[in-house]
Amino acid sequence: MKTTLTVLRKDLRLELRTLETVPAMTLFAVTTFVIFHFGLNRATIDGQLAASVLTTTLLLAGMLGVNRLFVAEREQGGFDAFLLAPVDRTAMLVAKAAALFTFLTVLEVIAVPAFGLLLLGPSLGRSLPGLIAVLALADLGIAVIGTLVSAIAIHTRARDLIGPVIGLPLLIPALIATARAIGPLLAVHGSSSPPGKWLAVLALYDVVFALIAYAVFDFLLED
Amino acid sequence: MEEPPAIELRGLTRHFGERTALRRVSVRVPAGTTLAVLGRNGAGKSTLLRILSTLFAVRGQLGLLSHEPLLYNDLTGRENLVYHARLHNVGEERVEQLLEAVGMERRAEDPVRLLSRGMVQRLAVCRAVLHQPRLLLLDEPRANLDPAASELVEPLIGRGAGCTRVLTSHDPQAALAEADLVLGLKDGRASFVGAPEQLSAAKLAELYA
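For the record, the sequence lines run as chains D and P. Using our numbering, the letters of the first sequence map in sequence onto residues 371 to 593. Using our numbering, the letters of the second sequence map in sequence onto residues -19 to 189.
These are calculated hints, taken from the structure and not from any lab test. A portion of the hints provided could be inaccurate.
Mimicking SDA-like on lysine to any residue, the simulated pairs with C-alpha atoms at most 20 Å apart in a straight line are [what the hints assert, rightly or not]: (1) D/Lys372 - P/Asp151; (2) D/Lys372 - P/Glu73; (3) D/Lys567 - D/Arg459; (4) D/Lys372 - P/Asn69; (5) P/Lys183 - P/Val70; (6) D/Lys372 - P/Ser96; (7) D/Lys372 - D/Asp458; (8) D/Lys372 - D/Arg459; (9) D/Lys567 - D/Leu498; (10) P/Lys166 - P/Glu72; (11) P/Lys166 - P/Gly40; (12) D/Lys372 - D/Leu382; (13) P/Lys183 - P/Leu161; (14) P/Lys166 - P/Cys143; (15) P/Lys166 - P/Gly142; (16) D/Lys372 - P/Asn21; (17) P/Lys166 - P/Ser130; (18) D/Lys372 - D/Thr388; (19) D/Lys372 - P/His68; (20) D/Lys372 - P/Arg74; (21) P/Lys166 - P/Asn21; (22) D/Lys372 - P/Gly71.
Here chain P is said to cover these stretches of chain D; the calculated rule only asks that three of the stretch's residues, wherever they fall, bring their Cβ under 8 Å from a Cβ of chain P [said to hold, decoys possible]: (23) 383 to 392; (24) 438 to 452.
Far from chain D, by Cβ distances over 10 Å, these chain P residues were calculated [unchecked claim]: (25) Ile(-13); (26) Glu(-2); (27) Ser33; (28) Gly40; (29) Ser46; (30) Asn53; (31) Glu59; (32) Leu79; (33) Gly83; (34) Pro91; (35) Ser171; (36) Ala185; (37) Tyr188.
This one's a predicted model, so the numbers in the text were calculated from it and none came from an experiment. We put the CB at the ideal spot given by N, CA and C, even for glycine.
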């Protein structure tokens, strides 16, 4: 736990200092909402369409963070230095996933209200607690799978391409479950709580990939 | 009874695809001594150091000073060293002690990207010896250091460090002056293994031919 916090603290400090990842993710998401606003040629959207637009945009913005997750470790020798230390290598997996989860949360704190202003018809207020629960589970899945994919991609020459090419197909089930869980929340006169079935699918997906990541991450740190 | 060596390699071979970087290299390095690895560019020196770093890293007893400083450019020197100290479970007072030892205490709050190469190398020396390793792998350890800075880092990575050292240098005479044992590599093979005084000028010239 101590090592995880050490690596996480270092990653958050680097992001605060360089502002390389979260502002780019946020700008991408807001710009995409604007594009949808004009592309759909509708003043507002709601229900399943709104859920799909929100989920897809957040996922694609999240991929920008996935691509940047291990860049400093690779380019500035962080991997080598970490491997020299007598620490559990899983600490880096947990720290990187926690860092990505934090980046996604900050992204959503800005992007979801922007979505509410630019595109969404119904008010966000009533659905907000349910939306937070669904997005937290979705972020967990993106964070775990994103960390795994990023650790694979960073050792390749085409690292910017490999992340989305491997990551997006792996995240399709999470995308479907998130969009289906959010749909009723964003409908006019919709429900205030998300469907339990899709929440369970998301949670199960998170657990399965967390276990896979835990099993293989050590090998991914090797050259 | 003879003391066990710090490093013993027997018939070490390393292939990269069809290319053989090291072929049946054997060497025995007693604890507390210095092995100089000599050879021209591409002879296999860096590969050997890389293998040793992989073999010994798991125990956390290895200090590595390579071409890359292994420091984050956007963290300050102190932040970098504190980060490594925490990974190695070393107290932060050791960081201050080392910063002072290499004369970097006044620039310790500057981001690494703003420092000169010599200053970065001094910080890299601090990082490598932070946890008082038993084995130091030194790849061009005095690169970018002026004579005064070299003198500052001498107690940390020189003979006075008191640990087993494996070093490479572009300057064979400087490496020989520090060595107890020499491994001469030529095209990945051990062309010479022995004491520095046994290495004739002709043999040395052959290593770099």
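Straight-line alpha-carbon gap D/Lys372 to P/Asn21, limit 20 Å = violated, 41 Å
Assertion that P/Tyr188 lies farther than 10 Å from chain D (Cβ) = Per Cβ check, P/Tyr188 is outside 10 Å of chain D; nearest 28 Å; holds.
ask   = Is D/Lys372 close enough to P/Arg74, meaning Cα to Cα at most 20 Å?
value = The given pair, whose Cα atoms are some 19 Å apart, holds under the 20 Å limit.
request  = Would you check the hint for D/Lys372 and P/Asn69, treating anything up to 20 Å between C-alpha atoms as holding?
outcome  = holds, 10 Å
request  = State whether the coverage of the region 383 to 392 of chain D by chain P holds or is violated, taking the criterion as 3 or more residues with Cβ-Cβ distances under 8 Å.
outcome  = Contact hint for the region 383 to 392 of chain D vs chain P: holds, 4 residues under 8 Å.
query = Can the restraint linking P/Lys166 and P/Cys143 be considered satisfied, given a maximum Cα separation of 20 Å?
reply = violated, 27 Å
query = Holds or violated: are the alpha carbons of P/Lys166 and P/Gly142 at most 20 Å from each other?
reply = violated, 29 Å
request  = Would you check the hint for D/Lys372 and D/Arg459, treating anything up to 20 Å between C-alpha atoms as holding?
outcome  = holds, 12 Å
ask   = Does P/Gly40 really sit off the interface, with its C-beta more than 10 Å from all C-beta atoms of chain D?
value = The claim breaks: P/Gly40 does not keep its Cβ more than 10 Å from every Cβ of chain D (closest is about 3 Å).
message = Need the status of pair D/Lys372, P/Asp151: alpha-carbon distance at most 20 Å?
response = violated, 42 Å
ask   = Is the nearest CB of chain D more than 10 Å from the CB of P/Asn53?
value = violated, 6 Å
inquiry  = Next pair to validate is D/Lys372 with P/Glu73; report whether the Cα-Cα distance is within 20 Å.
reply    = Given pair D/Lys372, P/Glu73 holds - Cα atoms ~18 Å apart, limit 20 Å.
Hint check: violations occur at hints 1, 3, 5, 6, 10, 11, 14, 15, 16, 17, 18, 27, 28, 29, 30, 31 and 34; the rest are consistent with the structure.
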